[in-house]
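Residue numbers (the numbering used here), protein chains in the order written: chain A, 2 to 76; chain B, 5 to 208.
Read the hints as simulated data drawn from the structure, not as lab findings.
Do not take every clue at face value.
[Unchecked claim] List of simulated lysine-lysine pairs, DSS-like, C-alpha gap at most 27 Å:
1. K39(A) x K151(B)
2. K54(A) x K141(B)
3. K54(A) x K151(B)
[To be verified] Simulated restraints, written as ranges between beta carbons of each label pair:
4. Q33(A) x R117(B): 19 to 27 Å
5. S135(B) x N62(A): 20 to 28 Å
6. P72(B) x A9(A): 48 to 56 Å
7. R140(B) x A13(A): 35 to 43 Å
8. A48(A) x A69(B): 29 to 37 Å
9. G52(A) x V43(B): 25 to 33 Å
10. A132(B) x N3(A): 48 to 56 Å
11. N3(A) x R140(B): 49 to 57 Å
Treat the numbers as computed from the prediction; the structure is a model and nothing was measured.
In this text, a Cβ means the ideal position worked out from N, Cα and C, and glycines have one as well.
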Amino acid sequence: MNAKLVAAILLALPLFLSAGCGEQQKVTVFKQGVYQGKLDARPWDSADFKGDKAEWERAINTRMNGQNEYVRIGG
Amino acid sequence: MARMKFLCDAERCIECNGCVTACKQEHDIPWGVNRRRVVTLNDGVPGEKSISVACMHCSDAPCMAVCPVDCFYRTTEGVVLHDKDLCIGCGYCFYACPFGAPQFPQDGAFGLRGKMDKCTFCAGGPEADFSAAEFRKYGRNRLAEGKLPACAEMCSTKALLGGDGDAIADIYRNRVLVRGKGSEVWGWGTAYGKPERPAAKPGR
């Protein structure tokens, strides 16, 4: 029993000792003039439009034309 | 949908700061950060002009050019956004921007300068749409909801227009053609009406 425990500790010991050696690279390597950040989704890819670009453009156009009160209230 | 732009009609802006309030409320902007503000020229003088100013989402944005960590990007709709995870808060963009759009939260005890914050055209940022992280870092993503920026939609006089550059330019052009310009849109004649016929001759 004791021998098994010692063997288990001996097997696990290298894992503990080498844990610090597995550190990930945290420094971002910058490339001049190139966006380095995360990618952004397009607005029509949202849950509301599910990739339907035409539907999104229709919604935006309706709102845009709503800003023109000469059209909206028939000036 | 080529380029999303703002256009402020100085003849209509009444300096109500409704756009500023709408922006603050929509994105839960902290104290000291103003993504949008109203600037008044010749304040108090008859004929003063006010315009609402924020990030103009420049087609050739100087903030993008000077950023040392290249955290800016332009979306397919022409909205200039940035990744706050990369921003180091150096402030170069603040010096480069002709509109004073980049803002730096100073909520620390000794004027700590945090990561840059600016108008996103209500388009969120590089996080999952409608996620808590997106709201916390960049504010609400109205564009993905099929809506225009809150400031433009809340403008009571429709002085501030937002949307596709060509579309809002058409709205503005039509407006100017209808109302005229200069003293035709401001002053006694507009406020009290112009005489429709010459004054009657005295006597009899």
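Now the hints, each set against the structure:
no., hint, in the structure
1, K39(A) x K151(B), "24 Å, holds"
2, K54(A) x K141(B), "26 Å, holds"
3, K54(A) x K151(B), "14 Å, holds"
4, Q33(A) x R117(B): 19 to 27 Å, "24 Å, holds"
5, S135(B) x N62(A): 20 to 28 Å, "27 Å, holds"
6, P72(B) x A9(A): 48 to 56 Å, "51 Å, holds"
7, R140(B) x A13(A): 35 to 43 Å, "40 Å, holds"
8, A48(A) x A69(B): 29 to 37 Å, "35 Å, holds"
9, G52(A) x V43(B): 25 to 33 Å, "40 Å, violated"
10, A132(B) x N3(A): 48 to 56 Å, "52 Å, holds"
11, N3(A) x R140(B): 49 to 57 Å, "53 Å, holds"
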